[in-house]
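Chemist: Position one of the sequence shown corresponds to residue 42 (the working numbering), numbered consecutively onward.
Read the hints as simulated data drawn from the structure, not as lab findings. Be aware that a few hints might be false.
[Said to hold, decoys possible] Simulated restraints, written as ranges between beta carbons of each label pair:
1. ALA79 x ARG143: 11 to 21 Å
2. SER70 x ARG143: 37 to 47 Å
3. ASN114 x GLU43: 40 to 50 Å
4. ALA71 x ASP127: 31 to 41 Å
5. ARG143 x GLU43: 18 to 28 Å
6. GLY139 x ASN114: 12 to 22 Å
7. GLU94 x GLN172: 16 to 26 Å
8. GLY135 x GLU115: 19 to 29 Å
A virtual CB, placed ideally from N, CA and C, is assigned to each residue, including glycine.
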Amino acid sequence: MEVTLTKCRWRNGTVENIEVRNATLTDVSAALAQLDGAEFNDIYLTPDDSDPETYLLVGGGPDLFLVFLCLANESFHEAFDPLQSDGTVLMRTGGQVGSFARRDLIDRASATRAALTYCDSGTLDTSISWQSR
42 MEVTLTKCRW
52 RNGTVENIEV
62 RNATLTDVSA
72 ALAQLDGAEF
82 NDIYLTPDDS
92 DPETYLLVGG
102 GPDLFLVFLC
112 LANESFHEAF
122 DPLQSDGTVL
132 MRTGGQVGSF
142 ARRDLIDRAS
152 ATRAALTYCD
162 SGTLDTSISW
172 QSR
């Protein structure tokens, strides 16, 4: 599947969107590796032939990530870690620090699998737990 990768670089509260059209799996892997929870704290993967309201978001870093799929702004799926209990984590995504349920965050390896599977096939990685919102 052809995707556009948008890397968001945050500096002093201002975002610079760095767009890579027809991104390769190598491009996506490199962008995921940059997610540091500070300057780089979110990326978007948008299928080139779809509604702009369809995208996969990976946000956060460096250790925990929010992974969210929006389909045509009608169907929403969020990765979660069923082994985690209650608790919250402060994390920066979208340029802002927010409080997230620990259960709604996944590790770097899982976030990478989710993004690469989506880029490759346009589907959710079935080895990851997903909840519809």
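Chemist: Now look at each hint and say whether the structure bears it out.
Modeler: Each hint, compared with the structure:
1. ALA79 x ARG143: 11 to 21 Å: holds (20 Å)
2. SER70 x ARG143: 37 to 47 Å: Given range 37 to 47 Å: violated, Cβ gap about 25 Å.
3. ASN114 x GLU43: 40 to 50 Å: violated (21 Å)
4. ALA71 x ASP127: 31 to 41 Å: This hint holds: roughly 35 Å between Cβ atoms.
5. ARG143 x GLU43: 18 to 28 Å: violated (35 Å)
6. GLY139 x ASN114: 12 to 22 Å: holds (21 Å)
7. GLU94 x GLN172: 16 to 26 Å: Given range 16 to 26 Å: holds, Cβ gap about 20 Å.
8. GLY135 x GLU115: 19 to 29 Å: Holds: the Cβ-Cβ distance is about 21 Å, inside 19 to 29 Å.
Checked against the numbered hints above, the structure breaks hints 2, 3 and 5 and satisfies the rest.
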